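> When you get a sec, could you build the whole thing from the sequences and use the hints?
The C-terminal residue of the sequence shown carries number 129 in numbering that gives the first Met the number 0, and the numbering is unbroken.
Read the hints as simulated data drawn from the structure, not as lab findings.
Bear in mind the structure is a predicted one, so any value in this text is a computation, not a measurement.
Check before you lean on any hint, since a few could be wrong.
[Claimed, not checked] Below, computed lysine to aspartate or glutamate pairings styled on EDC-like, alpha-carbon distance capped at 20 Å:
1. LYS88 to ASP28
2. LYS3 to GLU60
3. LYS4 to GLU60
4. LYS112 to ASP28
5. LYS111 to GLU60
[Stated by the list, open to error] Here are the simulated distance ranges between beta carbons:
6. GLY86 to ASP31: 48 to 56 Å
7. ILE27 to LEU87: 16 to 24 Å
8. LEU77 to ARG125: 48 to 56 Å
9. ALA74 to LEU47: 22 to 30 Å
10. THR1 to LYS119: 13 to 21 Å
11. VAL79 to THR57: 28 to 36 Å
C-beta atoms are modelled at their ideal positions from N, C-alpha and C, and glycine is treated no differently.
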Amino acid sequence: MTIKKFWLVFFLQLVVLSGLKWLFFGYIDYLDGSWQVLYFLSTAVLVLILVRLLGVVTLLEAGFIAVFWFFTSLALDLFVTAPLTIGLKIYFSYALWVGYGLMMVMVVLGHKKRHIQVRKEQAAHRHGHH
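Okay, structure coming up:
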């Protein structure tokens, strides 16, 4: 992961997940259980795609990214998403907090793991020498 890629994916994450929250909390019945499941699945899939765009990262880096994305999303939601949707009531919705949790879990579980990449390179190296 390069610093350029980190910032690019970070800003993409802010736009994509804020857009999802804007749609879910602003235009869809966010109290409906079926819509909540769709919101959770959408959040998980989008975060998985975004974190994979970062390339190979260590577990420590993934933890940092998860926490960084959480706090920046929290701030963006306070100043942008909440005013454009249901206001500060958004923070009383458990769906928002489950979404944050899913985001963090998917970053940690879904990142391209360094040790797997190293094993692939070692296998390719061994295979190339035979």
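> Hints first: check each against the structure and report whether it holds.
Hint check results:
| no. | hint | verdict |
| --- | --- | --- |
| 1 | LYS88 to ASP28 | holds (14 Å) |
| 2 | LYS3 to GLU60 | holds (15 Å) |
| 3 | LYS4 to GLU60 | holds (13 Å) |
| 4 | LYS112 to ASP28 | violated (37 Å) |
| 5 | LYS111 to GLU60 | holds (11 Å) |
| 6 | GLY86 to ASP31: 48 to 56 Å | violated (19 Å) |
| 7 | ILE27 to LEU87: 16 to 24 Å | holds (19 Å) |
| 8 | LEU77 to ARG125: 48 to 56 Å | holds (52 Å) |
| 9 | ALA74 to LEU47: 22 to 30 Å | holds (23 Å) |
| 10 | THR1 to LYS119: 13 to 21 Å | holds (20 Å) |
| 11 | VAL79 to THR57: 28 to 36 Å | holds (31 Å) |
Going through the hint list in order, the structure does not satisfy hints 4, 6.
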